[in-house]
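S.K.: Residue numbers (UniProt numbering), protein chains in the order written: chain Z, 1 to 880; chain E, 1 to 86; chain U, 1 to 262.
Please note: incorrect hints may appear among the correct ones.
[Claimed, not checked] Computed list of lysine-lysine pairs in DSSO-like fashion (alpha-carbon distance at most 27 Å, straight line): (1) Z:Lys574 to Z:Lys331; (2) U:Lys86 to Z:Lys331; (3) Z:Lys331 to Z:Lys389; (4) Z:Lys470 to U:Lys56; (5) Z:Lys389 to U:Lys86; (6) U:Lys56 to Z:Lys389; (7) U:Lys86 to U:Lys56; (8) Z:Lys470 to Z:Lys389; (9) Z:Lys574 to Z:Lys389.
[As the list claims (entries may be wrong)] Computed spacing ranges between beta-carbons, pair by pair: (10) Z:Val832 to U:Pro138: 55 to 63 Å; (11) U:Val40 to Z:Val513: 19 to 27 Å; (12) U:Arg73 to Z:Asp537: 22 to 30 Å.
No lab work stands behind these hints, which were simulated from the structure alone. Quick caveat: nothing in here was measured; it's all calculated off a predicted structure. Ideal Cβ placement from N, Cα and C applies to all residues, glycine included.
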Amino acid sequence: MTRRNRHHERAERDGEHDEPRVADGGHERPADTDGGHERSPTPLEDVGAVGRAFRVEELPPLSSVARWFVTTNHKDVGVLYVVTSLFFLVFGGVLALLMRAELWTPAADLLGANAYNQAVSIHGMVMVFWFLSPLAFGFANYMVPLQIGAEDLAFPRLNALSYWFYLFSGLLLGASFFQEGAFSGGWTMYAPLNVPVYTPELGATTTVLALLLFVASITVSSVNFLTTMHRMRAPGLTLRKLPLFTWTILLTVWMMLFAFAALGAALVILTSDRVLGTTYFAAETAGGSLLWAHLFWFFGHPEVYIVFFPALGVMAEIFQTFSGRRLVGRKWFILAMVLVALQSFAVWMHHMFLTSINLQVKTLFMITTIGISLPFDLMVFALIYTLVKGKVRFETPFLFAFGALALFILGGITGVFLGAVVLDYEFRGTYWVVAHFHYVMVGGVTGLVGGLYYWFPKMTGRMYDETLGKLHFALYFVGFNLLYFPMFVAWETPRRVFVYDVSLLPWHQLSTVGGFLLGASFLVMFYNLTRSLWAGDRVEGNPWDYTTTAEWAVPSPPPLENYPEGTPTYARGKLEFLAPSAVRSLGRTGADGGTDEASTPSTDGGTVVRDRSSAPVVPETDFDEGGHDEHHASHASPWPFVVGVAAFFALLGLSGVNEGGLYLVLLAVGLLLGTVGFVAFGLEPFHVPEMVAAERWPFAGVENAKLGVWIFLASDVVLFGAFVGSYAFIRVAFGWTAWEPVPHDPFPGLVNTYLLLTSSFAVVLALVAAKRRSRAGLVGSLVVTFLLGVAFLVNKAVEWQELFHEGLTLSTGVRTSTFYLTTGLHAAHVVVGLLILLYLIARALRGGYLDDDRPVEYFGLYWHFVDIVWLFLFPLFYIF
Amino acid sequence: MSRLRLYVAIYVVLFAFATMQVFVEGLGLSYWTGFWAVIGLSAVKALLVAGYYQHLRFEPRSLSYLMLVGLTAAVVLTAAAAYSIS
Amino acid sequence: MFELSSSVGSVTAVLQAGGDVRTPATEFEAIFRVFLVLGVLVGVVVLVYMTYNAVKFRAGGPNTAEGDADRPRLGELPTGSGGGRKLFLSFGLSAVIVLSLIAWTYSSLLYVEGDPPGDDALDVEVEGYQWGWAFTYPNGYTDSTLRVPADRPVRLTLTSRDVFHNFGVPELRVKADVIPGQETDAWFVAEEPGTHTINCYELCGAGHSYMSADLVVMEPDAYETWYAGTDNSSEGSEPDGNETTSANGTTTANATLAGVLP
Ligand code: HEM
Ligand SMILES: [Cu+2]
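Start from the sequences, fold in the hints, and give me the full structure.
M.R.: Structure representation (structure tokens):
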């Protein structure tokens, strides 16, 4: 057995395709779509008449409004992100100024209590979620593919989808103000204030749903970036050689993938508490309030680094460029970041030092917290030492990056105060915390603003006005410190209050003045950048001395497919643009000795995995020399936008589903539109060329779409993990053994286990049939899978029905809540699986998947995963 | 085809283990022994499904590590949170 | 729940019993002062150093090497500059400072987490609610103002009737989360008679800004007299805290609240 497999593996690495293979995966065929669906015209496309009516063959020109609704190009999407995030900066900024205006006097005058609390909450959310990360991801979208030598992200349409989810989640947040008011319980949304008993406004539900949609956007985006960055690097660009900005984004998306899954779980539970009436976070639930804190901060602490890392990357790039020096201790700098990224998942309870958690855990988390602060010392010193012996030019980007470092140092020092638990006990809930996190986070913003000036000429082909840039910095820096430094002095003010002790009046007034100055400084920036868009000096290529990264080696702005002079490669130790054939044959001869690919035998040409262009089953050979001309990459699709709109309607409808009426209509419209959008998305021919040659560590041999599925499943593991964790936590708080399972006997569960296991087996058979090119076998197995899935749901429905009759409903208590919601989430996964199955069956009936069985295989991965989850839910909810 | 036979054999094992889980209670084990025995059976089943049906065994190891990282995150959250209040 | 903390804490307490009373307030002040001095020092040194270097090595400045011999080039594979030793030296130094600071504060943490010194602590149960505080004494008497004797440790056991609150008396440096379904504890010693403000430090709804109460520290004799006159008939203003006025000059009565609430 083992020997056979090893032989098998090698055969695949060597690209031998003559041997008939079954579902053992690892075969690498060029990916050409991002929906996991082959791109050769298929019979079903005829069915998709809707699809054809909207098909966008060519990307409209930049000047056309339509372009921005259909584009999937990473640079366009990057611009969209940047512009939208700046819009949210203004939104969040106005809320902040309203608060500062209210705080001009120690009494309540301008805003009422509800308005102030909404302003605090939504300001925090908008700045952290809708402004900071999206600005960074605007840059990431634009620069990462350029820096790694890719033509686009791995899944361009999914990238557009991320953007539309992001925009519409923000609009949903805006809409919440008009439904009796937005959420007013702080951006941390502590339980039980977050349940309808205490925040009954419909808008509060909408805020939660908006955040949930944002989480969806981030998850899609993380999958996309991870696939891209791990599998689409130019030859010679091993992970260690990635530019620092790209490194920070890589670590950021890894953290995002897992952290946001936990937030997603928290928000799904919260939505269920608010809409379906479960009682996880109700005041009566043992441990419910602490459960929220755990889930939120398990996400929330990594989030701190998620918002800060990209800024750090920008700062590192700017420091290197404007000092003309390579980063000191680059290797250690990267290592420090990796450590922080890992450890960020083990410090969350330092936000809970004053709760009833035990002293042992407090001590443990105090230690991890101090541990995580140390790598930052190293990073700060590395940046400072980079200046030594440099040739420092104080241009606007550098001023901002330098200022950002100064602010970050102050934020870091004041953070050490909080790391001493005794001090934290006093600082908790005061303006010390407010001042500290603004120094850190807005310090990060400062770095990103530097990035905006740094890359403005790259993105627009025009130079901004340097004098105005410097003026912006001066106002910004003075305004910033005037705004936040007095908060350290007035630290005894409790957070999130609008009345304070009169003795603190001068400090708060200074702070308010600073706030308006800071706001005004952005007016200068907006004026400068808008005007320069038309009137700035033209920049042909690279306006800065001493840049190293590849985005500066292409025109400004880069053409649609990025590299007019050929395919980028680092195979000979430096960036070159060569004809695709040359890139392919070059291999990695010149590269620096396989640092990253030690595990792969050299027989396969190292990390440069060549495309299996000889794969017999795929007619197109678009990776051949000149293949680019044969098959243009697609850059436009209307469906991401449509799905985004659908999500907006559906979630707005969901927020008021208990009200009925218009909300039901909205929900129905949203769901319908979503279905149409997704089906059309799946049917649309969309071509993404595979790279001629690329570094793919450590995922060589796992084709893009397959890797995407796996990465998504990894985040789903955390989603379910957080659900099971919540159940375990509440059960421990309740008394583990005093807790009886909700179902009276395990047999319905056992039957369902049988059904799912059998359906998993049927999917395996489907893949075997597809490999044997048996249409009847394929369709038959898929139909059997489908029927078993339906039987699973029916059995569950019957079981639930009986429990309901006994009066055990979702809101009976937390025992039933956890049962229904956890198994319900699983059932929802089954439903999604069944919908995909319908699609697969329809296409299989017309002869699909016999030539290319990957969609069946990838569906199988998902379905088996759902099966595995059940294998654990069954004992946890039925037996014990 | 032998591969197919392997899949069938795994299916049989999965089926048998699932059945055993329900009857562990009857063995008269202590609560926690029984609990971990049943969870252990589930873990073995999960490994079989992941290893063979999802063919992780035949994929680059990095995919398995990817899933392990996700699993670790979930376990850390569950264990530390539960420990914090016990 | 806090076996570890209480045993270590009481040992420390006994050792300390001779001199001045160590209270959460004195612990905080001592540590805060040291952190402040060191923090300012480190901050100033680092900021001055980085600015100094940026200016010293400015382009065109006298210290800046001419020529681009060893400068980064477009399209090179990223590498780093040397200087690792200096980096690790500074890193090591900062790590030592931070680690020793935190280790030093840990004994204080154990002390604060432990039981109050002596064995005559007054036990008071605190219940937070939207938007006020209820204090229950050992005899069952409940009030919306917390009255305690001067110079005697007070041990609080806190919980919430509804949402998450946080109980804090800034002047006495005492603070604890107030969580529904959970009990937390805290202790303090008020050395002088006087009045302090109790605030809520966790956003808890529309009345959060006004959720304060008075802590009245009385002469021990006066306190005993007052306490003797109470019974378990939960006096006057509980539970809605209508007449509270806080020391900071803002009126915190529900009348004001009614004005702000819609
Ligand atoms: C640009 C990036 C910014 C970020 C990431 C940010 C982030 C945050 C966060 C997370 C909160 C906590 C909200 C809560 O407690 O629920 C907050 C509160 C606040 N922010 Fe900002 N903020 C930013 C900019 C500003 C600006 C420009 C101002 C002033 C003009 C400002 C003023 C405030 C005020 C007054 C509070 C309320 C503090 C409190 O009472 O807790 N922020 N901010
Ligand atoms: Cu409160």
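S.K.: Confirm or reject each hint.
M.R.: For each hint, the structure was consulted:
1. Z:Lys574 to Z:Lys331: It holds: about 19 Å lies between the C-alpha atoms, which stays within 27 Å.
2. U:Lys86 to Z:Lys331: This hinted pair holds, its Cα atoms lying about 15 Å apart.
3. Z:Lys331 to Z:Lys389: The given pair, whose Cα atoms are some 20 Å apart, holds under the 27 Å limit.
4. Z:Lys470 to U:Lys56: Measuring from Cα to Cα gives roughly 20 Å; hence the hint holds.
5. Z:Lys389 to U:Lys86: Roughly 14 Å separates the two Cα atoms, so the pair holds.
6. U:Lys56 to Z:Lys389: Holds, at about 9 Å.
7. U:Lys86 to U:Lys56: holds (18 Å)
8. Z:Lys470 to Z:Lys389: holds (24 Å)
9. Z:Lys574 to Z:Lys389: At roughly 25 Å apart (the allowed maximum being 27 Å), Z:Lys389 and Z:Lys574 satisfy the hint.
10. Z:Val832 to U:Pro138: 55 to 63 Å: Because 58 Å falls inside the window, the suggested range holds.
11. U:Val40 to Z:Val513: 19 to 27 Å: holds (24 Å)
12. U:Arg73 to Z:Asp537: 22 to 30 Å: holds (24 Å)
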